[in-house]
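Visitor: Take a look at the letters that make up each chain.
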Amino acid sequence: MQSLRWIYSLYYDGFVNMRVGKTLWLLIAFKLFIMFAVVKWLFFPNIMQENFHSDKERSNYILEQLTKEN
Amino acid sequence: MEHTELLIDYSRAQFALTALYHWIFVPLTLGLTFIIAIMETIYVKTLDEKWKQITKYWMGLLAINFAIGLATGIIMEFEFGTNWSNYSWIVGDIFGAPLAIEGLMAFFMESTFFAVMFFGWNKVSKKAHLTSTWLVAIGSNLSALWILIANGWMQHPVGMKFNPDSARNEMENFTEVIFNPNAVAKFLHTISSGYVLASLFVISISAWYLLKKRDVAFAKKSIVVAASFGLITSMMMLTTGDESAHQDALNQPMKLAAMEGLYRGENRAGIVAFGILENDKEVGDTKDPFKFMFEIPGALSFLGYHDINAFVPGIDDLVLGNKKHNILSVKEKMVIGKQAVKALGDYKKYKKEGNTLAMDKALKTFRATSYLMGYGYLKDPKDAVPDVALTFYSFHIMVAAGSWFLVLFMLILYYSMKNELTKKKWLLRLGLFTLPLGYAAQECGWIVAEVGRQPWAIQDLLPVGMATSNVATTSVMITFWLFAVLFTALLVAEVKIMLKQISIGPEGH
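From first to last, the protein sequence lines are chains A and B.
Counted from 1, the first sequence has number 56 at position 56 by my numbering; the numbering is strictly sequential.
For any residue, its number in my numbering is found by taking its place in the second sequence, counting from 1, and adding 70.
Only chain B is shown next, with the shape it has when bound in the complex (with noise of 0.2 Å):
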């Protein structure tokens, strides 16, 4: 594949640009769905008519989220057609149940009872419809499940077999797929980050209108109960967060390594708390990777592999290879990749010149090389290394905003309790401008498990270069640029009729 590097940066940027785009709208509907469940139960439960004003309200900003970022996600399928051909060939039936079963749930749980929930108010009962409520945010919670299912697969490809005639990875154990502990881990962090970005959301607005001293008594109660949902959600997203930790230390060590700016492994590896890069560290080099940086001792150990004493490798073993840790070079890894691309070639003619004997002895050796095949593309043993800088900040800027956010639930709880909320001024300026980095947690969070995984597409078997199509440049560049126009001005449709909305007010509603 004579893929000029332009052809694939522009390819992956495409991508990238959609992916963040889309994942602007999809965390809020995530979360938002269960706050409205919620709030919907309160009054379900109490029969209060605020608690429905208040729910409506909340459900009519929804809908202004989901229809702006409906369909944002197609976009990204018609690229896996175009721009990367090659990796929807070879991951197609693997990828195609998992994005099966997502569509058809999100087409009849979701639409039918979205519908439900939008017009249904004099329509249904109230248990009928605070009903469809909870199985809309079950229903888009489970769309999720799926698509992170796929992309679980792409971190750590399990539960399959490279089918060396279709030249396709076959699924061998469904279960394994869905199943997949990476995919598991990468589920339930997402979905509770969506939580906390709409509890952050919810907060952020309320905040404002307490700030202006307007429909006070709903600002008031729509913050506890955002408030009390983002703890405990912060509390999951922090656990599940230390489990795909722990899930890159054993499938992935090069993205934590990266993520911590780790070169030199060692045991009892600290986290850095605070650091700033060097810009010119290279591979292998003596010089100190951070210009300064505070490290805890022993947390990064712990993180990966809960233990405070364990080894963490770092850049330079991965890449050099350590004899004392087993670890092979990706010199070695690249040798017996090539054997395997060697091996898949000589099946090939093999079996086009009908020596049954030959062929399956390539088998056989492709069978035992073919674990390490995308390291047989990579023409560098630096190759291997994601971009340390964007992976490092992008983590470290996700967990010490995730950290903040803890501690802005505990506090809005905590003067809400005492009722004095309204008076912390302070407090409620910090709950209004803390959704930006919010949003930026969330896109810093797609960054560290998708840049941390280059140069793959699929761990350890494709290489990025290998998945892209013999497409023109100049058409990527273009649709590039045009998507990035399409989806700024969707977002300033929804900031638009978001903020016109939340002027009216819950009494305009």
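Okay, chain A solo, but in the shape it has when bound (with noise of 0.2 Å):
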């Protein structure tokens, strides 16, 4: 519990006293709901989650891919 109670001061005394630091978190933050909330969700979707609902429908659709005549 003390080592808890450590852990969390730590991180609470460190936030609250930093300067420079409070801009840095909210740089990060804006840029995690810009990748995260935004730009993953609308423009990158996992392709082989999406489009297909098993692994062996996965191997199949790329062993079709390597195997086309090209």
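Bear in mind the hints are in silico, worked out from the structure with no lab data behind them.
The beta-carbon is built from N, C-alpha and C at its ideal position, and this holds for glycine as well.
Example chain B residues on the side facing chain A (calculated, C-beta under 7 Å, incomplete):
| # | residue |
| --- | --- |
| 1 | A137 |
| 2 | L140 |
| 3 | F148 |
| 4 | G151 |
| 5 | T152 |
| 6 | W159 |
| 7 | K193 |
| 8 | G415 |
| 9 | K418 |
Here chain A is said to cover these stretches of chain B; the calculated rule only asks that three of the stretch's residues, wherever they fall, bring their Cβ under 8 Å from a Cβ of chain A:
| # | region |
| --- | --- |
| 10 | 130 to 136 |
| 11 | 182 to 192 |
| 12 | 224 to 238 |
| 13 | 541 to 550 |
| 14 | 563 to 575 |
27 Å max Cα-Cα, derived BS3-like pairs, lysine-lysine:
| # | chain 1 | residue 1 | chain 2 | residue 2 |
| --- | --- | --- | --- | --- |
| 15 | B | K408 | A | K56 |
| 16 | B | K570 | A | K31 |
| 17 | B | K566 | A | K31 |
| 18 | B | K122 | B | K196 |
| 19 | B | K449 | A | K68 |
Since each chain comes alone in its own frame, lean on the hints to assemble the complex.
Guide: See below:
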């Protein structure tokens, strides 16, 4: 319990006493929001997960692509 | 896979953009953590409060770089899943293990000890704090190790076997993958270049303080640590660069030939110290590849094979073949590659029919030919040649810059020892303005490694055209420009915050 309290105070005091750090954390939060809530969600679906239901289907698709006449 | 050239180009350009921006932030973190650890060690040994102030100041700049660079690499993971889904499936098992270890290591080691390093000055003992700082340095460098093992495997795939049922490369020998000589050389060369960049960063800012005649004692102490660290790590960088070139000679001879603009292979091949390429040079023609050049005889043979008289194959030898030196032409490799592709198709067909005997025969043929499978997808032998001009110039800028850094570190240490550094304004100005060259050299190194590997996503096994997904070209184009704007904004933010902190100086920290 005491060590948990110590860890809490390490982070709490650290964040409270930050100067440039606050700007940086804001920037990190903004960046992560853009990346995960906008970019990933809108533009980056996981093609193999979304288009196929099982690993067998995924394997078959890739094998088909690899062996197609070019 | 009916991918248009435009889709492939945009997918590649987007990945290149992401990686190049990500690589602005990473090498500084890799090196600056060690410089800070050294500074803090001096503080703990001497108990001189000035060293504590120096350590904390550079730690502040590290925090800015770390915060801005944080998660820029995650976008590459998104791209793997969307733009490079075929590739991701095919390499999944090989990439999975190193990247999972990297994720765990980065999370537990870096995030835990980062907190102690930044927040723990008055919470833990001096020795515990110092240990945390060293562990941050070691942890961030170990994270790079796992990424570069994965990348090294793409350059020289070892320790795996392609499973024709799952269409995936499966790991057969973990030790072979992690001790892949290409990955080891790449890791050591990459981290040492990061150390050199961090040294240039500290030198550049310290030189600015010295030129402005402010915080002189702080700047003089910082510059000596940085130049000493830079000098030692420059030598490491040169040695590991030599090993990287040796690995290229053994496993990626086309890349080595492109790096030197070497079309006709020769014994006692020279390194071009300076040269301008002829624009309209084509594979197999008789034109001189250079408008003019100055070369060091025998140096390329020595660099590539550690033998001054060794034969170094040129682009013509590698494309058209060279019987005397047992080099297959790309055309011959394409025939073998097509056999592998056909055998894989036959295996699939006979499996469906339940013809075990024919299946075994097809698998045997596939196993014997699959080492060149990627050539089966090339349309023209010239497709096996990377962009020679981009590879050549990037390589030469990197080498010239690396050599200059070594001289700069020596000059700074020499004048520091003579206590004349503050009088040498020209040297301080050189120190200040060399930093952009350090970043340029970093990016050039990435270009040499990745553009020089083209057309391969996985060397000899999978060309980039086969690795891309069937996605809408417009979607890739939109995200390309979106990232260009986002990353540029992040870079501007970093530079602005960093410059503000530098102008405040160590006293204001």
